Amino acid sequence: MTARSWSRGLREALTAVRWRRLAAILMLAAACGLLCDWLRKEGGLLTPSLPRFTTVPAQR
Amino acid sequence: MNRDALTGKMRAEPAGPLLIRWSLGAMLAAAGAMKAAHPAELFSALLGYQLPLPDTALRFAAVTLPWLELLCGAALVCNFWRETVRPMVATLCLVFVGTLAQALARGLDFDCGCFGPATLGWLERPATALIRAALLLAASLYLLPFRGSEGNAASPCRSAASRFRPP
Numbered sequence: 001m002t003a004r005s006w007s008r009g010l011r012e013a014l015t016a017v018r019w020r021r022l023a024a025i026l027m028l029a030a031a032c033g034l035l036c037d038w039l040r041k042e043g044g045l046l047t048p049s050l051p052r053f054t055t056v057p058a059q060r
Numbered sequence: 001m002n003r004d005a006l007t008g009k010m011r012a013e014p015a016g017p018l019l020i021r022w023s024l025g026a027m028l029a030a031a032g033a034m035k036a037a038h039p040a041e042l043f044s045a046l047l048g049y050q051l052p053l054p055d056t057a058l059r060f061a062a063v064t065l066p067w068l069e070l071l072c073g074a075a076l077v078c079n080f081w082r083e084t085v086r087p088m089v090a091t092l093c094l095v096f097v098g099t100l101a102q103a104l105a106r107g108l109d110f111d112c113g114c115f116g117p118a119t120l121g122w123l124e125r126p127a128t129a130l131i132r133a134a135l136l137l138a139a140s141l142y143l144l145p146f147r148g149s150e151g152n153a154a155s156p157c158r159s160a161a162s163r164f165r166p167p
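Residue numbers (the working numbering), protein chains in the order written: chain A, 1 to 60; chain B, 1 to 167.
Warning: the hint list may mix true and false statements.
[Said to hold, decoys possible] Reference listing, derived: stretches of chain A covered by chain B, where coverage requires no fewer than 3 residues with Cβ under 8 Å from a Cβ of chain B:
id, region
1, 5–19
2, 26–37
[Unchecked claim] Computed from the model, here is a short list of chain A residues facing chain B with C-beta under 7 Å:
id, residue
3, L22
4, L45
5, L46
Derived by calculation from the structure, the hints in this document are not laboratory data. In this text the structure is predicted, and so the values were computed from the model without any measurement. The beta-carbon is built from N, C-alpha and C at its ideal position, and this holds for glycine as well.
Please model the entire structure based on the sequences and the hints provided.
Below, the structure written as structure tokens:
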């Protein structure tokens with residue numbers, strides 16, 4: 001493969017990007033990350049964790 | 001396997017690009033999985049790079065970047081949405097090289113955090129991490145032109161196929 005054909009292929013590859021697919025991958029990664037951060041027991045980096053009851057509240 | 005746009009037949013991917021694609025995808029997916037399990041360690045590693053970014057942006061990167069790596073690696077291995085995933089992987093590798101290079105150029109003492117909290121000895125050294133990232137970037141750039149013509153609007157094969165009229 002020559003440098004010219006490679007650069008042509010590179011240019012074509014960059015113009016062939018489908019932006020909706022790109023956005024879908026980015027949003028899926030963000031959603032998975034935020035969900036896991038939220039579900040983390042010891043506290044997430046961004047989102048407050050789920051409230052967890054370690055003891056049963058006393059009934060009156 | 002790629003589908004030929006003119007004949008519609010499946011054609012085998014050359015062995016070189018196939019091996020490079022599998023290796024690159026597996027490495028990205030493994031690194032992403034290890035980092036996704038320990039985002040706090042990745043966040044502290046990101047702080048070591050002393051990037052001019054706000055704290056929230058670094059936290060967001062620590063939470064989402066491993067998943068992006070994992071998804072891109074898996075998609076690369078499966079050859080899924082190749083016209084979009086391959087430039088994305090190349091951009092990711094370019095970001096890694098740039099981040100590592102600026103930290104090394106400034107003489108920072110940092111933990112690369114490439115594989116989460118896993119201790120890999122000399123592989124974790126900043127210079128080694130930069131060389132590794134540069135190799136990944138080279139591999140991803142090498143893979144860029146080797147995409148199939150299927151689903152590629154700018155491909156000359158596709159435009160030739162659209163002009164082709166059977167007798």
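Here is how each hint holds up against the structure:
1. Under a criterion of three residues with beta carbons nearer than 8 Å to beta carbons of chain B, the stated coverage of the region 5–19 of chain A is upheld, 12 such residues being counted.
2. Here's how the region 26–37 of chain A fares: 9 of its residues keep a CB closer than 8 Å to some CB of chain B, so the rule of at least three is met and the hint holds.
3. A hinted interface residue such as A/L22 counts as satisfied when its beta carbon comes closer than 7 Å to some beta carbon of chain B; here the least separation is about 5 Å, so the hint holds.
4. Residue-level restraint check for A/L45 holds (minimum Cβ-Cβ distance to chain B is 4 Å; threshold 7 Å).
5. The beta carbon of A/L46 comes within 5 Å of a beta carbon in chain B, closer than 7 Å, and the hint placing it at the interface holds.
Violation of the numbered hints given earlier is absent; every hint is satisfied by the structure.
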